[in-house]
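**Student:** Chain by chain, the residues:
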Amino acid sequence: MDFNYLSTIIFLPALGAVIIAFIPGLSDRLIKWLSALFTLVPLALSIYLFAIFDRASGAIQFEEKLSWIPAINAHYHLGVDGISLPLVILMALLGFIVVLISWKIDLRPKEYFAWLLLLETSILGVFCSLDLLLFFLFWEIEVIPMYFLISIWGTGRKEYSAIKYVIYTLFGSAFMLAGILSLYFATGSLSMVDIAQGGMAMVQSVIPVAGIFWLLLIGFAVKLPVFPLHTWLPDAHTDAPTAVSVVLAGALLKMGGYGMIRVCVSIFPQVAREFALILIILAVVNVLYGAAITLRQTDLKRMIAYSSVSHMGYVLLGIFALSQVSLVGATMQMFSHGIITGLLFAMAGLVMHNSKERDLRKLGGLARQMPVIAVVFSVAGLASLGLPTTSGFAAEFLVFVGSFTSAAVVGIKLWTILGVLGIVLTAGYILWMLQRVFYGPPLDKFNKVKDADILERVYMFVFVVVIMGVGIYPAILTDVIKAGVMPVVGFLGG
Amino acid sequence: MLNFELLAPELTLAVTAIVVILLDFGVKRKWWLAAVSILGLVVSAGFTISMWGGGSLALFNNMLAVDSFALFFKLLFLVIAALVILASTGYVAKFSRFQGEYYALVLLAALGMMLMAATAELISIYLALELTSISLYILVGFLKDSKSTEASLKYLLLGAVASAVLLFGMALVFGFTGQTQLGAIAQSLQAMSLAGVLSSPGLIAGMVLMVAGFGFKIAAVPFHMWVPDVYEGAPTPITAYLSVGSKAAGFAVLLRVFYSAFGMPHWLSLDWGLLFAILAAVGMTVGNIIALPQTNIKRMLGYSSIAQAGYLLVGMASVHIFLPASSYLPSVTGQSGLLFFLASYALTNLGAFIAIIAISSKLDSDLISDYAGMAKRAPVLALALTLCLISLIGMPPAAGFMAKFYIFSGAVQSGLLWLVIIAVINSVISAYYYLRVVKVMWMDKPASRAKVSSPPALRVALALSCLGVLVLGIIPGFVMKLAEMAAQMFAF
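Taken in sequence, the protein lines are chains A and B.
Residue numbers for the first sequence follow this note's numbering, so the first one is 1 and each next one is one higher.
Residue numbers for the second sequence follow this note's numbering, so the first one is 1 and each next one is one higher.
Source of the hints: derived by calculation from the structure; they are not laboratory data.
No residue lacks a Cβ here, since even glycine has one placed at the ideal position from N, Cα and C.
Take these hints with a grain of salt, some might be off.
As the list claims (entries may be wrong) - Derived DEER-like restraints, expressed as beta-carbon distance ranges:
id	chain 1	residue 1	chain 2	residue 2	range
1	A	LEU15	B	ILE123	37 to 45 angstroms
2	A	GLY428	B	LEU292	42 to 50 angstroms
3	B	VAL471	A	GLY211	29 to 37 angstroms
4	A	LYS356	B	LYS144	55 to 63 angstroms
5	A	LYS65	B	ILE49	54 to 62 angstroms
Based on the sequences and whatever the hints tell you, model everything.
**Tutor:** As structure tokens, this is what we get:
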């Protein structure tokens, strides 16, 4: 191996965090520039990896493997395939953009940017790890920066939301740890690749293989989140600072979906098939319940947060429909939702920041005062409801087509149709929200409110380009994802 | 045959302790006492390391064992004692008299712990235990204020009861087997049939009483009543010493007695394995739940150490590899996990206590609410304490994460998945009270803007323990290897 791309991508932000935290006397300006630098380079590198990625191969690429802890057979094992690479790019992109979004932070900037960079490292680590212990290590590290970021720089009941987030996540990962340990004892290995290829048919284990599957699934389900484990999400989103909401909705939730594909489905294809119906029903509940709750919200950020619950239902549906197209759709939806909801939260943050108001009942007519934000917010909203030519359409279309035609579960057509109804509800709340915020008579109290400045227009532009680009030419992503999904479909025997 | 060179680490410590007391008469600058103590510990550690890999040797007619298990613990105790002494220098300067005795007693307690790890015979186990305990009784009362005196008296009285219970248990075991040497006890147990053991309830009672006696040392529920008061009243460096040194020594004896003397036959070890599993589950749950409402940080860490004893007992309970066909394979992952957990817990808890010593000596308070805004007043201390608390929760990148992973993987191998699930849920509960301290330090408004400074020796000790916590959390391979070698003798 010539150059360790993945290690560089993962650990550059952490290096930046250490530099920012431990070199005394850095000016606030310099801290922001350093953060931008230490996130821009990983972004550039990940785009470079995307360019040289071999789209014909379903194998793990850019692999790095070192013996880490011989006593428990753990390896420092990194690599990406078509499923994880889009998510790495997603996180690297959001990681850079959130630094720009945070440019106006002036409360304890040193700590803020250090935690933000550390968060990026841990999420990138989750998407790149192929060793279960390493995966779990990155999975757990992520909690600490989130705790600090929400509880220091948040708003409202920030400390409550932060500790709720921590307890929920640790609760999920407690079961995940039990699952990983059982899996390790049953197979004697911690390598996701080896275990998936070896299969679980012949192993001896303490508890039934299905038990291990569920232990692991609970950990991922908390993160995705799956009803009824979702209640941390609206609180965390509502009270987190804008940049953290963007990372949380954009990349963090995807750890759950990614883990389900990489661990639950790849390692336990038989069990996944057996329980697919339950999970598909949960997915539909997620979609409809999430959307229904969203309709009732009056807080701008809380509304977008609940819409995430609804949209993650599509991911769950796509994963456990267990067909090639639906899995591609689920991965696509993870990427697309990451960008779209990232933009929605960024825009909501701008509206809140500029107008000092977040209650939908008191907002109105802002299209007059902030036309640029209004347009971009509308683009993000329309993408969210799956308008053609946006990435949201491509992703949701694939999920629905994939699950409608799937043969994995009896009666999946009915469930898919129910899931499609979610689109209608989404259209309802998105349009209602846009109307409430931007249209109607202009209000005098918002006369002094400013529109987006140059920096903000730059990152809005990036978001919109990605949304439209992927929407118009989805093959740019689906080619890569298809390569990654192939081996999973192979395990499923389909 | 007497191989006195095998006793070199212990002899060095004994001599150092005496030299420190004598030196106390002569020198004006009391930091010399700490320096000489550290020197003694380093020399002793040098001797210990030079014996590593020398195979299993015995001394004094099999009374003392010099094997990798004993050496692992001796090194651990030497490191602990050195960190405690470094952390004490500033604290002890407050005493007008008896500084020499303080250091000497710390050294003698370490000597007792080292002997506890090495003894393979019941009477000498008892003697080593008493050497440790008596030194610690005095040290706990060293502040001579009302709380410290009360703590010392409580510790002495309850400790004496525990010793009596232990001695009674030993007497019963001796009565039924006719042996005091652990190896000989094992042989005579194996010669007894199932019916033979069942028809001697006194033997079982003896084992249970020994669990109770050692349970006091390791602060396992329900033998934990002394912990909060003693932890709160004792001088803080001694609290740290109690919470890691005394506990580790208790586990060393517990491991050696139960695995070498009562390890065979299998059904017997499975029975006491279950007993330890239940003690573990109860201990961690009780410790964590009572820790939740604590407002004094030393008391909170007292209950936390009860909970940690519960996690450690998981390693005691992991007796054999469990296979569905109810056949049993020897496994030492649980035991080496226990050793690794002890090492990581020692560094973590010492780090936490050292930070607390530094902060509290300035604030003159142990209340958690007084730690408000510590991140502003002493950023490095706050960061170090945060790292240690994260390690106590068992989150990466700190040592506690690896320790939990390792010890629980041994438990899963032994078919104790239920216990592991209880344990991991317990760590979620514990996150709440550990993070409360973090919250107070980083998010609350400071009461004053005055910086909190700390003496250099303390900073060295803190840096060393935090470094250890990170190393064990990120590249634990080497220490895990040592723990595995040390636990190898329990493969049966």
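**Student:** Are there hints from earlier that the structure breaks, and if so, what are their numbers?
**Tutor:** Those not satisfied are hints 1, 5.
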